[in-house]
Structure formats: C-alpha cells, structure tokens
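Chain residues, written in single-letter form:
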Amino acid sequence: MIAFAIRRLVQALGVMLVVALISFLMFRFVGDPVNQLVGVDTSPQEREALRQALGLNDPVLVQFSRFIQKAVLLDFGISYQFKQPVAALIASRLPATLELSFVSALFALVVGVPMGVYTGLYRNTFLARSFLSISLIGVSLPTFLIGILLIFVVSVNLGWLPSFGRGETVRIGGFWSTGLLTKSGLQSLILPSITLGLFQMTLIMRLVRGEMLEVLRTDYIKFARARGLSRRAINFGHALKNTLVPVITITGLQLGSIIAFAIITETVFQWPGMGLLFLQAVQNVDIPIMAAYLLLIAFLFVAINFIVDLAYVAVDPRIRLGGAAS
Amino acid sequence: MGSTAQAETLRFAFQGTLNALDPYSLNETFTLGMLGNVYEGLTKRDKDLKIIPGLAESWETVDPLTWRFKLREGVKFANGNDFNADDVIFSAERIRAETSDLKTRIPADSTWTKIDDYTVEVKLTSPNPILHYEWDTWYILDKEWAEAEGAVTPVSARDTNPGPAAFKANGTGPFAIDSHEPGVKTIFKPNESWWGTPEHNLTEVVFTPIAADGTRVAALLAGDVDLVDPVPVQDIPRVNADPNTEALTGPELRVIHLGFNQFRDELPTSDVKGKNPFRDVNVRKAFYQAIDIEAIKARVMRDLATPVPLLIANELFAHSGDFQRLPFDPDAAKQLLADAGYPDGFTVAMDCPNDRYVNDEAICQAVVSMLARIGVTVNLNAQPKAQYFAKVLAPGGYDTDFYLLGWTPGSFDSWNVITNLAGCRDETGKGGPFNLGGYCSEEVDALAAKIVVENDPATRDQLIKEAYTIMTNEVSHIPMHQQSLVWGKRKNIDIVQRPDNQVLFYWANVN
Chain A
0 MIAFAIRRLV QALGVMLVVA LISFLMFRFV GDPVNQLVGV DTSPQEREAL
50 RQALGLNDPV LVQFSRFIQK AVLLDFGISY QFKQPVAALI ASRLPATLEL
100 SFVSALFALV VGVPMGVYTG LYRNTFLARS FLSISLIGVS LPTFLIGILL
150 IFVVSVNLGW LPSFGRGETV RIGGFWSTGL LTKSGLQSLI LPSITLGLFQ
200 MTLIMRLVRG EMLEVLRTDY IKFARARGLS RRAINFGHAL KNTLVPVITI
250 TGLQLGSIIA FAIITETVFQ WPGMGLLFLQ AVQNVDIPIM AAYLLLIAFL
300 FVAINFIVDL AYVAVDPRIR LGGAAS
Chain B
0 MGSTAQAETL RFAFQGTLNA LDPYSLNETF TLGMLGNVYE GLTKRDKDLK
50 IIPGLAESWE TVDPLTWRFK LREGVKFANG NDFNADDVIF SAERIRAETS
100 DLKTRIPADS TWTKIDDYTV EVKLTSPNPI LHYEWDTWYI LDKEWAEAEG
150 AVTPVSARDT NPGPAAFKAN GTGPFAIDSH EPGVKTIFKP NESWWGTPEH
200 NLTEVVFTPI AADGTRVAAL LAGDVDLVDP VPVQDIPRVN ADPNTEALTG
250 PELRVIHLGF NQFRDELPTS DVKGKNPFRD VNVRKAFYQA IDIEAIKARV
300 MRDLATPVPL LIANELFAHS GDFQRLPFDP DAAKQLLADA GYPDGFTVAM
350 DCPNDRYVND EAICQAVVSM LARIGVTVNL NAQPKAQYFA KVLAPGGYDT
400 DFYLLGWTPG SFDSWNVITN LAGCRDETGK GGPFNLGGYC SEEVDALAAK
450 IVVENDPATR DQLIKEAYTI MTNEVSHIPM HQQSLVWGKR KNIDIVQRPD
500 NQVLFYWANV N
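Protein chains in written order, with numbering that gives the first Met the number 0: chain A, 0 to 325; chain B, 0 to 510.
Please keep in mind that the hints were generated in silico from the structure rather than gathered at the bench.
Hints are not guaranteed to be accurate.
Said to hold, decoys possible - List time: in silico DSBU-like cross-link candidates among lysine-lysine, alpha-carbon distance up to 35 Å:
{"#": "1", "chain 1": "B", "residue 1": "K490", "chain 2": "A", "residue 2": "K182"}
{"#": "2", "chain 1": "B", "residue 1": "K464", "chain 2": "B", "residue 2": "K69"}
{"#": "3", "chain 1": "B", "residue 1": "K490", "chain 2": "A", "residue 2": "K69"}
{"#": "4", "chain 1": "B", "residue 1": "K49", "chain 2": "B", "residue 2": "K429"}
{"#": "5", "chain 1": "B", "residue 1": "K49", "chain 2": "B", "residue 2": "K296"}
{"#": "6", "chain 1": "A", "residue 1": "K182", "chain 2": "B", "residue 2": "K167"}
Unchecked claim - Taking beta-carbon pairs under 8 Å as the criterion, some of the chain B residues facing chain A (in silico):
{"#": "7", "residue": "A19"}
{"#": "8", "residue": "H179"}
{"#": "9", "residue": "G182"}
{"#": "10", "residue": "T214"}
{"#": "11", "residue": "A217"}
{"#": "12", "residue": "D223"}
{"#": "13", "residue": "G374"}
{"#": "14", "residue": "A381"}
Nothing here was measured: the structure is a model prediction, and the numbers come from that model.
Beta carbons are placed, not taken as given, at the ideal position from N, Cα and C, and that holds for glycine.
One chain only, chain A, in its complex shape (with noise of 0.2 Å):
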C-alpha cells in the first residue's frame, strides 16, 4: 500500500511539473506584458528595461526553473497589473469560488436527486417527460448562455435578483470573506450556482435516474415488495440508497471540475473569484497568475485523483495486485 501510494505520488508529481512547463511554454504565445505594464508613450528603450528587470530575456528554461524552484516555496512572484503578490490575490479571490461552486454543487444534489428518483418512479408521466426534456437544454447550451439568459429574464427584466457581483461580504477569522451570511450575499449567489450546476445537475439526474430503474428491476426490490413493504419504504429505504453510491463518486470527481469551469460563469456574472482573476490576467499577460493558477488547478485534479485511486485500493486489494504486477 506504502509503495503503491509512493508510486502514484511520484507520477503525480511528474503531472504536475509536465502541466507546469506546458503552461509557461504556452505563456510565450499569449503577448507581450510589458505592454500592457506601461502607458503608450513609454519609450522602447524603457520597455526593453522593464523586460530584462522582469527576466523576460532569459531563456525559457531559466524561467521556468527560477519558478518552480519559487513555487516550491509557494512564492508565485507579483502580478503585474495588480502590484500584489499572487499568492495573496489568489488566497482573496478562493472563498468567492469556494463558496460559488459548493453551492453549486449542493444544488446539483438536492434538485438533481429528487428529480432523478421521480423520472426513475413515474417513467411515463407528463412530468418527468418535461424534465428530462429540461435537462436536455442543461447539457445542450453553453454555460454562458445559459448565465446571460437568466441575468436578462431574472434581473433585467422581472428586476428579483441582482445581475452581477457577489453582493455585501462579511469576513471570517480575518481571512475569509464570505457572501453566506448577507441578504445580498446570497441573493447574488442564486443566479450564478443554478448557471454553474446546471450541468451537474442534469448529469446526476440522469445518473439517479438509470440507477433507480436498475435498482428498481432486481430481485431483491421484487422481494421487498413480495414481503409487503410500504411503496415508500422500498423507494427510498432500499433503492435510492443503493443508487446514491455512484451519484456520491460522481459528485466527488466533478467538484474539480466545478472549481475550474467556474471560470465562465464567474466571467458572466463578474464573480470576483479566481477564475475571473485567471481570465482578467490572461487579458493583461499577467503571467504569473496564470502560472500560478493553473499549477492550483492542476494540483487540485491530481490531488482528487490520488485520493480517489488509493480509496479504490484500500477498497478492492485486487487494484493493488495488478498494479504490483505491472
């Protein structure tokens, strides 16, 4: 087991490092920061300054390793635009994105399940048909769409929620800044988490769905109700529990990516969190946020999948046979 996790560490590590020189290579392609540093008439000869204090002559290389060697230390250098170290701007921007995208992911689950239980139950009605055809338009239309639809019915048009902006903040233990526990805080959170779970909506009620008419076909339901339990009972004390094994898997995983798509939305609604800081910066060439962004991404996906790999091992030893095998 100790070995098997010292292995996957090591390849987590060379994820990490390949996804890291990837991204700085890309970096070369995205333009030129030192235009976007100073004004229009900054001469040439300033700007050719300004470049090599940066160490943006050095090879690629030599920039490369001076970073990781930094980031190592967490130390992801200053943005550009905002004069403020990246750590420090990307720690303020975390709550917003936290916040935004457990939210999001709660309402996934409990209008997802529900939903998924009913389409399972009363295949045929009027009603599950429409939901199913309502989760269509979920997987089907682009998260920003989606997200200027609802600003221009909800906000613009029926005036009920605010279109933009995390509303008023209240800070917790100094650091924290969270929108959870004001009016507008949370009234700025509807629009967004139903933008960004949207899809993971659909995907567990699609997901709750199949399980429930699977579930709900074996022999031991047909047992259940032979021995004359309550309709509830099997429903929900014996099906659904069965299905809520994937759906729970499934949700685990997707959280990452919930965290890292939350840049559209957060873009749509001028959410200030990290993926608006990322796209904000990729605008202005700000390398080091989007270096030190996309290492964070990067690590969250490899520290999801470790977890997940060794919770399959500790579960079925089989995994860990082959992997020593191989």
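Given the coordinates of chain A, work out where chain B should sit on it, guided by the hints.
Structure of chain B alone, referenced to chain A:
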C-alpha cells in the same frame, strides 16, 4: 449643492480594472482619470479640456527658459497635511524616478527650486511652450506622507515588494478612497476638507469592473449600476429603449488611422518582389481613395464616428478646418495603382487588433473588402491587443506591412502626434516609436524640432500646419475617424462626458 442628509450613491462599472493606486505607475487614461477624482495637479482641465488653474493659482514665463508657479494656499491633503512647495518639488523628483511610467511629463533636465512656501521656479534647458499641457494628470503627492509610508519611489511592475502607495491614496482632490480591492471594488467618499466648491451631490461612489459587455449592459438595465463605460454600439438602441436608461455619446479624441510599411525594401507579406510598393505615393493614395469612409461610418460605426483629415482630432488643432480628406473614388484609385505599375493590384497582409478600439476588426474587414474592389488582395490578421502590440511594436521588430492603430496625444497637442506617429525612426524605435510603418520625412522632422521650442502660438500653429501639409501630400498615413464615446447611464444621473474619456465624478449629480 451637496445635501448630506440624503445618501447619493453613484455606482459605476467600467470594462477594465483599477489596479495600483500609485498615480505614477501607469500612464493610462482610465487609471489617471479615476485617480483624478482623488489627486490634483498644478493645472486642471475644464469641461472643454481648456487648461485652468489647479493646485497652482497662476503661472508666468519669466523668460523663455524660466517658469514660475504661484501655488494655492490653504490646501490640505486628505490626511490633514498642508500642501506647499516642498510637495511640488518632491513630486517633480518622484515622477522622474527610474520606476515612474510618467517620466515624459517633465523634462528630465529641468531644475526645480522653491522660492518660498507657495512659489516654485522651473529652469529649462530649452524653451517649451507646452511644458504644462500634461500636468492635469501629473498628480501632486504629499512629501511627508510618502516618506512615512515608504512610497518615495513610484510603484513599478518590476517591484518584488510593492510599497503601500499601490493600495493607498492621499490626495488633495474632491474625493478620497475609502476602500480598495484591486479588480473587485473601490469605494470613494467625498473629501470633506477639499478646498474647492463641490459641483456634485454624491455621498459615495462605488466602482466595480465588469468585463463582459452583456453583463455590463444588463447591470445598467437592471438598475444595479448607474453608469457604465462603454456600451457596445450595437446595444445603444436597447439602452435607449428602456425608460430608465440612456446612452451618452460624444466624439472621443482618439483618431483611428491606417499605416503603411515604408521602412523595408521589400514587404515580406507581399507578392511584389524586389521593391516596396508602399514607397510609391500613388499606391498610398490609391489605398486612401479606395476606402469609403462614409460607408464605414454608417455601417460599421453606426454613425458614431467622425471622419477626420488629419491624424489629430478636429478639436485639438486650430487649423484642422483647412484640411480635407481625399475623396472616395475607386476609379481614380485604380488609375493610381496602374500608374504605379500595379494594374492588377498585389497582395499584402494587414495587422489589426480585435479588442482595442471600437469595432476595430470590423473596420479592418471593411477596408479589406474595399481594397479588393481595386484589385488589392489583403490578408487580414486580426488578433487580441496583447499579441497585436507584441508583433507591431519595437520588441516585435515592427513586424507589420499594413496596420490599424489609434492614437490620442496625451498633451492634446499636435507635436505629440507628429513626433510619435511620423517622426523618422530606426529599427529599435529610436525616433518616432509608434510610427509602426517607419514613414520618414526630413522636412517633417525639422519642423517638429522647431515646433517643440517655438513659444509664439501663431507661429507654432503655422509650423504644425506645414508639417501636416507635407504628411497629407505624401499620404504618410490614412487618417480614418475619431471614434465615439458611448456611456450608458440611468436617466437620473447627470455627468459631464469629456472627449478624453476620463470619468470624473466631481461633475456628477444624482437627481
């Protein structure tokens, strides 16, 4: 004015962010405009951009090389410190520091002396009639404050440990910064101890960046913000159709122009080998006459553009009325091409930004199709500004044969235009750094050298006119149009829209 009983909040959203607060970090209109609500210069500009007294009450030129500024008395910084000559001298040193991005505001070799607490004398090494033209955005800092905060040198992009001045401000202006989260939100509150009489009735200004066009317009329509800049031209009808909102439009000083590579002996992107067709004035003229500027104005710009005959906005040069655009005439253009030896046209590539100016890429597409009508095949290369500028400016080796660029002279004066856009340059940009095509005329350069030291306004204007006449005759560039400003606002907001696109709350009122 200024009833404090009722809270009048102005919520303002701009497409970009307000980054560091140090007023010498970035020479950019939006940043300087926002900081202009908090800081003040020795001079100010009024609603029509005329220079008026600011922190200096008056000034005189003792002789062509000596200027004397009488400072305003009784002015206090937001932290309560007094404003005096020491602050001006300190700011004059600070803005010329290595890390400042506004070094060009003050001649590097000028000497600044304090005559008394409220008089400052400037000694120049050569006459400079426009010395104070850009001083409305050279903001005066408090010496004691800067020293106490460790902000003696400007915050620069190369800093590894930025000073506190990046996030704090202490100016003499009508507003003070209450809180600042870079990229998220900045709150301004009126400076109660401001020396002037407020022309606004605001009690608070909340600034938020909203980058996405759709979201910004929606926020205005939903009533979540009161003022947005800019509104995309295609959304203007939507904003005007709403009973609570309207679009505020007006000409901007920025002039969009096209330029030709006249620097190289052969154009890398052209099928003409062994020579550079753009060195022939007939070819340049043919391009000019092939472009239907009125069609671009009507279709691409939806009438929100002012075609111009020069590289400078009409408002900024007294004699601009003496010049006229070459008429749109495709037949004449074809003839000119034939005269130049290209009866069947030729091929060339065009570089164009797609996120820098209003409808920049669409303008380039229109130009491409208009040139196709006279037989010239233009391969359009439109890309985001970050990549575009990396390619066409000096670090990219001025790698462009035909391009679109916009220019606003920081000083609102022609010398800036002539020297930056038409001054002869070398490969490294020494000379006219934004003369991407490398146009070069010794006569224009000689005139520019005279203009910069000529103190008599009438003679100076005459020299400027001569320079523009040469550039026009030689078709150094193709001037296109002044683009328009489009702000969106709630109808209960009154605000002055200055053509330099600075958003100044101190002229805003909530009704």
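Per-residue hint verdict: A381/B, partner chain A, C-beta under 8 Å
violated, 14 Å
Taking the least C-beta to C-beta distance, is A19/B closer than 8 Å to chain A?
Cβ of A19/B sits 5 Å from chain A, so the hint holds.
Straight-line alpha-carbon gap K490/B to K182/A, limit 35 Å:
Holds, at roughly 28 Å.
Interface restraint verdict for D223/B against chain A (beta-carbon cut-off 8 Å):
holds, 5 Å
Can we keep the T214/B interface hint, with Cβ of chain A closer than 8 Å?
holds, 5 Å
When you check the alpha-carbon spacing of K490/B and K69/A, does it fall within 35 Å?
violated, 52 Å
Against chain A, is G182/B within 8 Å by beta-carbon distance?
holds, 6 Å
Report holds or violated for the interface hint on H179/B, using the least CB-CB distance to chain A and a cut-off of 8 Å.
violated, 11 Å
Under 8 Å is the threshold here; is the Cβ of A217/B close enough to any Cβ of chain A for the hint to stand?
Holds - the Cβ of A217/B comes within 8 Å of chain A, reaching about 5 Å at its closest.
K49/B and K296/B: Cα distance at most 35 Å?
holds, 28 Å
Can you confirm whether the C-alpha distance between K182/A and K167/B stays at or below 35 Å?
holds, 30 Å
Is the hint on G374/B kept, meaning its closest Cβ partner in chain A is under 8 Å away?
violated, 34 Å
When each numbered hint is compared with the structure, violations occur for hints 3, 8, 13, 14.
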